[in-house]
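Enquirer: Starting from the structure of chain A, add chains B and C where the hints point.
Residue numbers (the numbering used here), protein chains in the order written: chain A, 1 to 287; chain B, 288 to 648; chain C, 649 to 913.
Listing some non-contacts, in silico: residues in chain A with all C-beta distances to chain C over 12 Å:
#, residue
1, G139
2, D143
3, I149
4, V196
5, P203
Which stretches of chain B does chain A cover? Using the computed rule of at least three CB atoms under 8 Å from a CB of chain A, they are:
#, segment
6, 360-367
7, 373-379
8, 390-397
Derived, one-sided and incomplete: chain B residues facing chain A with beta-carbon distance under 8 Å:
#, residue
9, S343
10, L345
11, I370
12, T382
13, M383
14, R439
Don't read these hints as lab results, they were simulated from the structure. Note that CB positions come from ideal geometry on N, CA and C, so glycine has one too.
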Amino acid sequence: MKTVNQKAWFFVLPVLVLVAFNALIPMMTVVNYSVQETFGNNIFLWEGLTWFQQLLTEERFYKALGRQFMFTGLILVIEVPLGIAIALSMPRQGIWVPVCLVLMALPMLIPWNVVGAMWNIFTLPDIGLLGYFLNNVLGINYDMTQDPIAAWVTIITMDVWHWTSLVVLLAYAGLVSIPDAYYQAAKIDGASNWSVFRFIQLPKMKPVLTIAILLRFMDSFNIYTEPFVLTGGGPGNSTTLLSIDLVKRALGQFDLGPAAAMSLIYFAITLLVSWLFYTLMTKDDLN
Amino acid sequence: MAKITLSNLRHSYYPNPTEPSDYALKEIDLDWNDGGAYALLGPSGCGKSTLLNIISGLLVPSEGRILFDDKDVTALPPDQRNIAQVFQFPVIYDTMTVYDNLAFPLRNRGRDETTVKTRVTAIAEMLELTDMLDTKAAGLSPDNKQKISMGRGLVREDVNVVMFDEPLTVIDPHLKWKLRSKLKELHQRIKATMIYVTHDQTEALTFADQVVVMQDGEVVQIGTPVELFERPAHTFVGHFIGSPGMNVLPCDLRDGQAYFCEHQVALEGAVVGTPNGKTEIGVRPEFVTLATSGLPATVSKVSDIGRHTVVECDADGSKISAIVDGAGPERGAAVFLQFQQNQTRLYVDGWIATQAEEAQS
Amino acid sequence: MQKRSIVPIIYILFLLLPIYWLVAMSFKTTNEILGGFSLFPQTFTLENYKVIFTDPTWYWGYINSISYVTLNTVISITVALPAAYAFSRYRFLGDKQLFFWLLTNRMAPAAVFALPFFQLYSAVGLFDTYLAVALAHCLFNIPLSVWILEGFMAGVPKELDETAYVDGYSFPRFFATIFIPSIKAGVGVAAFFCFMFSWVELLLAKTLTAVAAKPIAAIMTKTASSAGYELGLLAAAGTLTIIPGAIVIYFVRNYIAKGFAMGRV
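If we strip away everything but chain A, and leave its shape as in the complex, we get (with noise of 0.2 Å):
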């Protein structure tokens, strides 16, 4: 189908240049500080493997990885089966289609910073909708920055909120580029809704819903401004994702250098993690 044509790479050249001045100099010096210790004022020391091991024993980073892998999982389980769901009852055509589109897609054009913020407001106990509604109204004690069990449920609810939408959005991409073909010969078929979700829509949903998991996975798990500013990884440590403990060595604490291996062990988990997810969803297509 496609030509041999090692001229292409001037076509890729810009592309190239730019993305490799963002990602491999501060890689290069992400790799830097990892193996050394600083005290500021250029001075340098060489430390080897040592941040690596120290990180790799701690309580505190394990902690942070377990709580950044339950985030994860949580939003995954409740916003890709909700998003099918949606995407499974929205219209298919008409007039309303563009305006459910626009809508949905609203809370992801806010900055995350904003998004943190508005459920920050949306929450407050006395004087925010929700935090009102739960304490005053239901009677239920909810505040936020006392109980973790309530921050845990209300960073989960805000992610809900701030991205079920793209799952939706590619769902429903998958669901309306299915011919209506498919949809008659399985109703002469005599198969029953549940079979038409399972062996038509599903499948043919797939590529889309690939897509939808890979991306949700990796900004979930890299997810940093809005936890932070919505409950600032308290109460305690409570929601102390990885990247906010990340944040909090390198800017907080100023060490740079577990900070800088801590960023490497991150990336790793991320790729590997997306690369299994890859490698999952799309072996049946291999053979």
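Expert: Positioned in the frame of chain A, the structure of chains B and C alone reads:
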């Protein structure tokens, strides 16, 4: 298997149709006999797919009834009509094996696995899919996928009718012929009623015993391929079937005689009734000969189509084609045309208006 | 059909509630906010918006944000177009590896890069300029644009290219006058995503700016902490950050769903 009756069927995609042009289907009364091989032929947009979807139950007609063996099924959904349909693009369940694809309609209807196995094996045998039963259906070539679509229709022992909606559109030309003869063979073995929708005259004429020709939401003629060719009931049928199509020439009618450019043309027989409307003469190129006397014309184009030559002539602004054996005359030559009398007919407002007289032939 | 549509309606209500609360709060006076709970603004005020539109630190924040976002969108699309064309039309040494490597940059946590970015852009003398933020955001926007555009370009038959060459078009002229117009939906979608991700990202934007190019969202954070709890002002500024996104999404509403589906996986 069943006889299918369409009675006073009309359909419009608008909620409150008023004009005849609002209707995608205008007044259709038709009987499809049990076990027949039918083709529904017509250009794109003539309403043939609408008609097909009404028979299968995917559409509910605005007016009229559909009967399967005298039982009214107008309101029944597709799965309760026991019909099968093969679509333009192969519809297969990607995640299933070929076997599971074929078994799907049976399993949905709760048949036990032994029955499923016998039926699937038998159908796979017929369609030459046996070696592929265990492979995933997704990776197959379009013609095999289309065979699976057909198989899913044929696998049910109780289908009333199998419908094909331009099933060969995505098939390579050299495989089209193969699949077409496979279909014909299947029809002979299964004896199910089959309706084949197409805009391709070759497909229609080779597959069907009876061809239903449609235009603008109306059935213009029903007949065997031979009938459609020899005696088109409408100028549209004459045009649409045959290559090149029938010559249609404007004419005047005086005292029961037809005149084309003041040249009298002998018709096959007497004109029926007292026609008023647009009158035209129809004669197929196969029955136009070059002679030493007759209608004067100038040759405008000569094309060699193998054993024959198509000679296109110009007679007073009208184009007339003739098919002659061997090489034709030069372009620009002056010729005289003769129409074979028993194949020359008068059409009024498109519809045939002469009666054949056996004695004359 | 009718019963089903309750699901999207409830979902959209859920989405709009926090936004409503933000907007409602932006029209309340500070006294009313701190005075207690009220579902609608009791004393409707535009005071908060007046502050934003008259105070240069506030409105320059908007100008700054829009400037670097626009710059980033232009850069990303300009370089991504030829690259996507190369990926969709040619095979070349290392093409698959390069494509994958580009996508991995979408996975790099911004938190990882914050400090090295600060050092890098300080070293090249771009710190606190629009260009710095625009270039930094290329890290994730270029891979995404290449990905989306490649999907759209793969849908354009190769015959289009060949016909144009036969008709005597030069490559640049073909690319600009025939090819790009034929994928303008894709360009729109890619530009939308560039705009979106650059607009919503803050960590890098904040790290790379001090005064001259400081984004609006960062000014909000600063105000919230320094001037105490000025919630009304914060809400008004937040409300204003939703508007550009809403405008942009309105223009591409018919393509969003499609744009997502086109990428190759």
